[in-house]
Amino acid sequence: MTQYLTKRLSVMLFTLWIVVTVTFFLFRAVPGDPSLVLIGPEIEASAADSIRESFGLDRSLGVQYWSYLTNAVQGDLGMSFRYRVPVSRVLTEKLANTAVLVLPAMLIAFGLGALLGSYTAVRPNSRVDRFITQFFLSVKSAPSFWIATMALVTFSLWLGLTPSGGMTTPGAPRIEGLERFFTADVLSHLILPLVILAAIFTVEPLLTMRTSMTEILNDDFVEFGHAKGFSRSRITLHAARNSLLPMVSLIPSIAGHLIAGSVIIEIVFSWPGMGREIVDAVNRFDYPMMQGTFMAIAALAIMVNAFADILYTYLDPRVRLT
Amino acid sequence: MTQKPIEPAGQGGPTSPNTAGRPPGPIRRALRENNVRVGLIIFSLIVLVAIFAPMIAPYDPQERLRTADGELARLLPPQRDYWMGTTNFGRDILSQFIVGTRRTLSVGAIAAFMAVFIGTNVGLIAGFRGGRVDNLLMRTTDAAYALPFLPFAIVLVGIVGRTDLILIAVIGLLFWRTTARVIRSQVLTTKERTFVKAAIAGGASPRRVLYAHIAPNVVALALVYGMLLIAEAVMAEASLSFLGFAPPDSLSWGTIMFDAFTSQRMRQAWWWPMFPGLALMVFMYSVYSVGQGVQRALRHMDTPNIGPSTRRVRRALKRSVSVPVAGDPPDALVAVENLAVTYQPRTPEEQPVPAVKDISFRLDAGQMLGIVGESGSGKTTAVRALLRLLPPTAEVSGGMWFEGRDLYRIGDSELRALRWEHLAFVPQSAMNSLNPVQRVENQIIEAIRVHRDVTRAQAKEMCATALQQVGINPARGRLYPHQYSGGMRQRALIAMAKVLEPTLLVADEPTTGLDVVVQDQIMADLERVREELGTAITIVSHDLALVSETCSSLIVMRDGDVVEAGPTDRVVSDPRDPYTRMLLSSAHGAPAGTHGSTGA
Chain S
1 MTQYLTKRLS VMLFTLWIVV TVTFFLFRAV PGDPSLVLIG PEIEASAADS IRESFGLDRS
61 LGVQYWSYLT NAVQGDLGMS FRYRVPVSRV LTEKLANTAV LVLPAMLIAF GLGALLGSYT
121 AVRPNSRVDR FITQFFLSVK SAPSFWIATM ALVTFSLWLG LTPSGGMTTP GAPRIEGLER
181 FFTADVLSHL ILPLVILAAI FTVEPLLTMR TSMTEILNDD FVEFGHAKGF SRSRITLHAA
241 RNSLLPMVSL IPSIAGHLIA GSVIIEIVFS WPGMGREIVD AVNRFDYPMM QGTFMAIAAL
301 AIMVNAFADI LYTYLDPRVR LT
Chain W
1 MTQKPIEPAG QGGPTSPNTA GRPPGPIRRA LRENNVRVGL IIFSLIVLVA IFAPMIAPYD
61 PQERLRTADG ELARLLPPQR DYWMGTTNFG RDILSQFIVG TRRTLSVGAI AAFMAVFIGT
121 NVGLIAGFRG GRVDNLLMRT TDAAYALPFL PFAIVLVGIV GRTDLILIAV IGLLFWRTTA
181 RVIRSQVLTT KERTFVKAAI AGGASPRRVL YAHIAPNVVA LALVYGMLLI AEAVMAEASL
241 SFLGFAPPDS LSWGTIMFDA FTSQRMRQAW WWPMFPGLAL MVFMYSVYSV GQGVQRALRH
301 MDTPNIGPST RRVRRALKRS VSVPVAGDPP DALVAVENLA VTYQPRTPEE QPVPAVKDIS
361 FRLDAGQMLG IVGESGSGKT TAVRALLRLL PPTAEVSGGM WFEGRDLYRI GDSELRALRW
421 EHLAFVPQSA MNSLNPVQRV ENQIIEAIRV HRDVTRAQAK EMCATALQQV GINPARGRLY
481 PHQYSGGMRQ RALIAMAKVL EPTLLVADEP TTGLDVVVQD QIMADLERVR EELGTAITIV
541 SHDLALVSET CSSLIVMRDG DVVEAGPTDR VVSDPRDPYT RMLLSSAHGA PAGTHGSTGA
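Chains as they are written, first to last, in the working numbering: chain S, 1 to 322; chain W, 1 to 600.
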């Protein structure tokens with residue numbers, strides 16, 4: 001187990017290093033003078049030179065790469081042009097905002113997906129099964145930005161049930177620390193994007209659970225459960241426990257979808273998280289912010305994948321000990 | 001690599017002579033499904049709209065239209081002249097939509113072509129070469145998904161600017177993984193086929209074998225994944241355009257949504273974002289239908305089969321059980337009268353299969369009955385009918401009594417209570433019958449505690465004793481089934497079956513696939529259960545010699561019929577049916593020592 005853990009974590013570090021390196025060269029491949037990218041185009045030549053010097057852009061690529069790498073490891077991602085504060089400080093806040101939206105959505109999605117997936121697998125082709133499968137297939141087919149937009153139009157603009165975007169009402173007192181999320185104001189802003197995001201996220205876990213559960217219900221140990229005089233609900237629980245494995249292994253392949261989904265939802269509902277930040281940074285040519293946000297998102301995805309792999313070996317003893 | 005090598009594949013197609021005469025491939029099987037056909041029709045319609053866009057569009061999409069009284073036709077709801085309404089600049093949304101289809105599809109198609117081209121070639125080469133090349137390529141495919149797509153695309157737009165090239169490059173570089181995987185596994189099966197081996201033996205170069213012989217067989221599959229990728233790419237383009245990253249002045253379904261979203265007029269003009277999104281949904285839905293049909297066909301999962309449900313069996317039985325034998329229930333522990341089982345066909349083309357035609361037997365406490373026959377003789381079906389473990393397609397008739405109760409007249413809960421306490425089963429496949437993710441010990445403890453109101457500690461004690469008795473160190477109960485040897489798994493099942501001291505134990509092929517020494521241990525375990533607990537035991541086996549050593553009576557089955565039944569001594573010494581004689585002689589003709597040790 002320890003051996004596997006070390007191996008998986010070193011693969012994770014290696015992938016992180018690749019992403020950081022790719023990002024470095026990507027941002028140096030910007031057409032024109034790369035220093036303009038980091039400094040901004042509208043600055044005087046003499047000032048540009050001094051800034052260039054302070055950023056180390058006059059030195060060789062190798063030296064730059066090394067200092068970039070050591071800074072990144074220490075969490076130093078440079079200064080944001082727009083906020084005039086370190087990128088890492090902005091990111092911490094945005095990351096918390098995204099987490100408040102995405103983590104509950106993922107929890108709901110995997111819980112609901114496992115529940116509905118096993119329910120439909122036990123009753124294949126029943127009316128409930130057909131309704132649930134068709135409903136979530138439609139959600140899968142519909143563009144997330146469209147679902148979100150139409151929900152916004154319906155519930156905020158027409159019915160006035162929820163605020164029309166943002167995380168707080170403008171002018172609301174600003175609270176520091178994590179307590180800021182637990183106000184009625186924030187929760188009322190959270191509810192609609194959370195529901196939409198959870199619905200979108202539920203699709204893949206549900207379909208995966210349904211497929212794997214259908215296969216597992218044909219396994220001999222399920223029949224043996226009947227022979228042992230187990231109740232149907234007990235047998236279903238056993239089958240569900242075994243069907244959870246494919247769901248965990250699903251996480252890496254849908255991580256990209258989850259990230260894309262949260263970027264879109266943050267944009268539609270003006271939620272001030274990482275996804276909105278990366279779009280804003282591009283629109284405002286805030287290159288350090290762009291680079292930092294991208295690296296943070298990619299790093300998160302890579303770490304979640306590693307976590308899912310480790311969780312899988314923990315859940316499946318066959319993998320754990322061989 | 002150029003585009004050239006894949007061309008012969010396109011001409012060969014899925015129906016090239018190589019595939020003739022074999023069962024239909026996944027694509028053909030998928031095409032039998034209705035939603036696959038409908039999906040293909042919708043897909044083709046949208047492609048046609050894209051091709052003939054300028055001819056179909058009622059207006060110039062950029063023209064600012066005026067109504068009859070000369071006013072700018074801004075924000076008009078859907079009506080006869082403007083089916084999808086108009087924008088705040090008085091542009092016709094239907095025309096924008098039709099012309100936008102072109103860009104939406106062409107960007108998607110080019111990107112998807114690139115991804116499929118990379119994916120197919122990676123899959124072909126990885127599958128064909130195998131070994132280190134395969135390993136390296138598959139690692140790369142995994143790495144290609146480490147980069148989250150949308151942020152990567154957004155950042156590239158930020159660096160390079162708003163061009164279509166970004167989208168095509170990102171999709172082409174990141175989306176080929178699935179195709180590569182599917183093609184690779186298809187190549188792995190194809191390259192084992194005779195015509196490929198023949199080509200290699202005939203001295204064709206590896207390159208020729210790969211592209212002229214193997215590639216034609218995977219090209220249809222590549223096309224389907226291409227279609228799925230077009231859908232993914234279309235969705236990706238729409239998402240990026242919706243975020244405002246489309247090139248300036250371009251028109252696609254996504255840019256219409258972007259205009260609507262940024263107009264601040266959505267409260268009024270619900271139709272504006274409505275229709276492009278709806279179209280995307282229909283488009284994606286049709287593509288998914290096709291893709292799912294093909295995946296189902298690939299997995300041979302045409303009808304999902306669920307595990308046995310006693311309720312469904314009972315419903316089927318209510319129709320099929322003939323009038324039970326009149327009079328008092330037989331006083332034997334187990335009584336089976338004129339049992340017959342027929343498997344009803346799942347599809348109209350198949351014929352019903354009579355698995356068991358007519359079998360009757362009685363069994364008393366402490367007796368051991370062997371049911372012998374080849375595979376397909378109906379012996380397993382017969383005991384499964386007794387255990388009420390048949391699939392819903394089985395129709396059972398005849399009478400079956402256990403401890404004076406008609407087994408097919410008692411309710412589910414009564415049957416559940418009877419099971420394991422009185423009626424235990426050692427199934428054929430010990431490996432698959434144990435839950436792979438639960439410790440062996442816990443599985444036995446669970447079986448105890450479902451039926452008896454004991455503490456966990458007491459159940460654990462009982463489990464340890466039972467394991468001890470079949471020669472398994474109780475400490476090894478902490479292990480998982482896959483850590484056991486085949487013999488240990490079988491003995492663990494016997495321990496599980498005897499732990500509640502049942503009155504009847506049915507063992508289905510308990511010794512199959514085990515070596516002779518272990519076979520003897522298993523038979524000795526069962527014999528000990530009979531002696532100590534007075535349990536009646538039924539053993540189903542194909543090995544007449546083995547069961548005749550322990551069983552007091554025998555039933556020989558062939559093609560669903562009983563050909564011989566009686567006390568073991570009589571059957572062995574004086575077989576009346578030629579089939580029994582044949583089984584006996586073949587057993588005696590077996591290599592010396594096969595069963596010699598049992599006599600000792």
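If you're looking for bench data, these hints aren't it; they were derived computationally from the structure. One thing to keep in mind: the hints can contain errors.
Said to hold, decoys possible - Short, incomplete list of chain W residues facing chain S, as computed with Cβ under 10 angstroms:
(1) 27
(2) 31
(3) 156
(4) 231
(5) 261
(6) 435
(7) 506
All C-beta atoms, glycine included, are put in the ideal place defined by N, C-alpha and C.
**Report entry** Status of the hint placing residue 156 of chain W at chain S (closest C-beta pair under 10 angstroms)
**Finding:** Hint on residue 156 of chain W: holds, closest Cβ of chain S at ~8 angstroms, below 10 angstroms.
**Report entry** Hint check: 10 angstroms Cβ-Cβ cutoff, residue 435 of chain W to chain S
**Finding:** Holds, because the Cβ-Cβ distance from residue 435 of chain W to chain S comes to roughly 5 angstroms (cut-off 10 angstroms).
Query - Cut-off 10 angstroms, beta-carbon criterion: hint that residue 261 of chain W touches chain S - result: Status holds, d = 6 angstroms.
Query raised in the report: Is the shortest C-beta separation between residue 27 of chain W and chain S less than 10 angstroms?
Result: 21 angstroms, violated
Requested in this report: Under 10 angstroms, Cβ to Cβ, is where residue 31 of chain W needs to be relative to chain S, so tell me if that hint holds or is violated.
Outcome: 20 angstroms, violated
Query raised in the report: Under the criterion of a CB-CB separation shorter than 10 angstroms, is residue 506 of chain W in contact with chain S as hinted?
Result: 9 angstroms, holds
**Report entry** residue 231 of chain W as chain S interface residue, shortest Cβ-Cβ below 10 angstroms
**Finding:** 9 angstroms, holds
Checked against the numbered hints above, the structure breaks hints 1, 2 and satisfies the rest.
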